[in-house]
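Peer 1: Here is what each chain is made of, one letter per residue.
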Amino acid sequence: MLAEIGYVAAWLALVVAVYSVFAALLGARRRSSSLILSARNATFVIFGALTVALGTLMIALLSQDYQIAYVWSVSNPSMPTFFRITALWGSQAGSLLFWCWLLSVFSAASVALNWRSNYRLIPYVIVFQSTITAFFLLLSLVIENPFNRFWLDGAEVVQSALIPAGLAAPSEFNLAQSARGLNPLLRHVGMAFHPPMLYLGFIGFLVPCAFAFAALVTGDLSNNWIRATRRWALIAWVFLGLGLILGGRWAYDVLGWGGYWGWDPVENAAFLPWLVGTAYLHSIMIQEKRGLFKTWNMFLIIATFSAVIFGTFATRSGLVESVHSFARSDIGFPMLLIWFSVTLTLGGLIVWRRRRGELRDDHTFSGIFSREGLFLLNNFVFLALFVVIFWGSFGAPISSELFFNTKITLGVEYFTRVTPWLFLALFILMGIAPLSAWGASALARLGRGLIVPAVLTVATLPIFILQGHSGMWSIIGYFFVLLAGWVAVYETYRALRARVRQRGENPITGYLSLLRRNPRRYGGYLIHLGIVVIGVGVIGSTAYQQETQATLRVGESTTISGYTMTYDRFEGGQVAEDGRIMDIAVVSVWRNDQHLATLRPRRDFFPNQQDMNSMTIAGAHSTLENDFYVLLLNWDEISQNSATFKIYINPLINLVWWGGLILIVGTLAAMYPNTAPSRVESRVSAPDRRAFGGGRA
Amino acid sequence: MRKRSAARAILALALLIAVVVAVGLAAAQDTSTVTANDVNEIAKTLYCPVCENIPLDTCPTAACEDWRYEIRLMLEDGFTPDEIKADFVRRFGDRVVGTPYDPVLRALSFVIPILAAVGVVALVIYVSVRARHTPPQHRLDAVTPAAQNDGLSLQERLRAEIERDIAR
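In order, the protein sequence lines correspond to chains A and B. Each residue of the first sequence is one higher than the one before, counting from 1 in the numbering used here. Each residue of the second sequence is one higher than the one before, counting from 1001 in the numbering used here.
By construction, these hints were calculated from the structure, which means they are not laboratory data. Note that CB positions come from ideal geometry on N, CA and C, so glycine has one too. Hints should not be assumed to be uniformly reliable.
Listed next, with one range per pair, are the computed distances between beta-carbon atoms [what the hints assert, rightly or not]:
(1) B/D1077 x A/S399: 30 to 40 Å
(2) A/G468 x B/V1034: 19 to 29 Å
(3) A/A155 x B/A1062: 28 to 38 Å
(4) B/V1034 x A/D636: 17 to 27 Å
(5) A/A155 x B/D1077: 51 to 61 Å
The following residues of chain A were derived to be distant from chain B, with all beta-carbon distances above 10 Å [to be verified]:
(6) F150
(7) R521
(8) S557
(9) G573
(10) S622
All chains should be modelled from the sequences, with the hints used to inform the complete structure.
Peer 2: Here it is as structure tokens:
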């Protein structure tokens, strides 16, 4: 019954989505407010229907309804409730329905929140969002139906969402006995949050792109669409960033290779929209402040959404091979089609409006050392990064197979050669741009502004050099990364000092007032600081990682980088609550004759799992200085007296996670409503809104 | 005489044993010089020929364990890291290395992103120059293209635009 309810609700959502597209189009064309209102209400119905559909699938997972093929394929009776919930996105069919539900959430919320303020744009926003939702729903229902049930056709088991005539349902008991369970790699707390975060990031960019589409169609090419979507873009950006960081943490904990970023195509597919999205978030500030780069901003948001669809296509279609692909199916061709159609349509609209002269800038570009000039440079560096990473992940492997009939892999070696220069350029720009002014800036002024941060940077560098991080390139890297950080800190300090002096506020109140008064600037500095902390962590953990492999007998020790590890004992065949069998090595870690920790690296074995049935879980002792990270590779199965370990020392790796946290705080601060300046802004832009039939701002 | 020949035979046997032991020890010494870290150093730069983008040093499959053992044997036989990598490429193709060995593919892999970067720089210059020479458009132009230069004030033009919009 659950399957039938979910199936009907999902079809209802699809029919209503198609209706909303036509109602919105007709409403906009005939200027019929009732049709537009109906289209708006339809987006709420889609959300409601998909909530029911997703809810039934969740209930089916929790109530262990193994008659539903999806539930059978991603869960089994021994799985704890927590992983039953995360199994919702554990495979293609469920994750696609979850994706559709998130699309409906964003569509309904964006329409509800912008209904009055952007009335003229709304019909086309609905057209775009509902078209995308309808497409993914169609994929879900036709190709990857999560509500298919098992039926017995004689001796054969068939899957069908509809109740076939004359067929019986198989025994619940037999199904429960044979249920597969969730892929072991996905049984990690990080996987509870990583996919939803990534999906939220991906789907979040739907809203700005839909408004850009609406602006292009209606001709309302003022800043309205940017004002309406800035926070949506920030939400999408922070979720995508969070998803990437959580994905890195998951890889570090579960994949057992001592790192968090392997330049894998699927990792890169999620990183690409983040890069263009970051360029977009910088670039829209130029349009808001100076009325420049209107075409460019349209291009950037379309490129971001296009990268989102391409990334989804690449990950879910099996276009590229990856250890991160958990959801592959036949949805490749339709995905390619929608990616191509959306990109071509939106690109065509930009060209059309540009040729009509409607995307011309309001002011002239005033030089490369102005804030807008430096932001433009930053945009190009982001774009260059996008190009080289796209080429390495997809372009080169696909081209070589198409034109040379040869499979190639562009791996870490390629990416570590081509990307560091561009990242360095980004950090240099991150250091300089906050010191520049809108309109024009003199080089001398920029130089003067850099003196104090540069001195602070030089004073900080010895901390890293004394830790042995003294390679020339890493010192250069640390210098520019730290410089960007000190610029953010110093600029905040200067503003805070002035405020404390003028108003006599205490520093904490003063800082909170700064954030309230200008959240974009001071939230932005916090974001920069987060990126700087991540940057320092990346340099340290990449350039100075140490590793060793050793086979030890019980009681023997090995040393690495001042640490001594002793193999204490082996605890084999421990059975966990969820049925997995754990083989654990107990080791002690010492430094300068001081006992630091007892670690338990282990190998988990999942007896009921068919494909991937074992996992290597590291033991780690974490400090801000480094991680002592040990993997159990092998052991003597008979005597259990000896075991082989791989040990990594990962310097500064924890800064990557801490930087992520600062990034989130900064983004939340940047999203904080800014009342004082917006009053000024609304006075300036009010005629535009009224002219286009909008209500209150 | 017989004693002397017996002593010579014992001496010869002792020498033989010594040589065998020495060779054996030397051979044993040779084997122990190749460590797991040496193997991993090379395996790290290779990808598993059958898995999905997994470096050979961390791939947990039995096949990869065998390939790591092959690397060990090749190191013991005196192969250099480059020779070992070339051998893997010969057997499994360019997908086992992080950048292709084939000179054409290698050049393409690196030249295209450089060309793209040059293209981006050219784009920067083009946009900067073009933006400097393009006259700005007044904000109102986007709202009322038809109302330009008609001698009306800003407010009058906006009012006309709003009325036109309402009338539509």
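Peer 1: Compare the structure with each hint and give your call.
Peer 2: So, going through the hints one by one against the coordinates:
1. B/D1077 x A/S399: 30 to 40 Å: holds, 37 Å
2. A/G468 x B/V1034: 19 to 29 Å: holds, 27 Å
3. A/A155 x B/A1062: 28 to 38 Å: holds, 35 Å
4. B/V1034 x A/D636: 17 to 27 Å: holds, 21 Å
5. A/A155 x B/D1077: 51 to 61 Å: holds, 56 Å
6. F150: Holds: least Cβ distance 30 Å, greater than 10 Å.
7. R521: Since the minimum Cβ distance to chain B is about 24 Å, A/R521 lies beyond 10 Å and the statement holds.
8. S557: holds, 16 Å
9. G573: holds, 19 Å
10. S622: holds, 20 Å
Violated hints for the displayed structure: none, as all numbered hints are satisfied.
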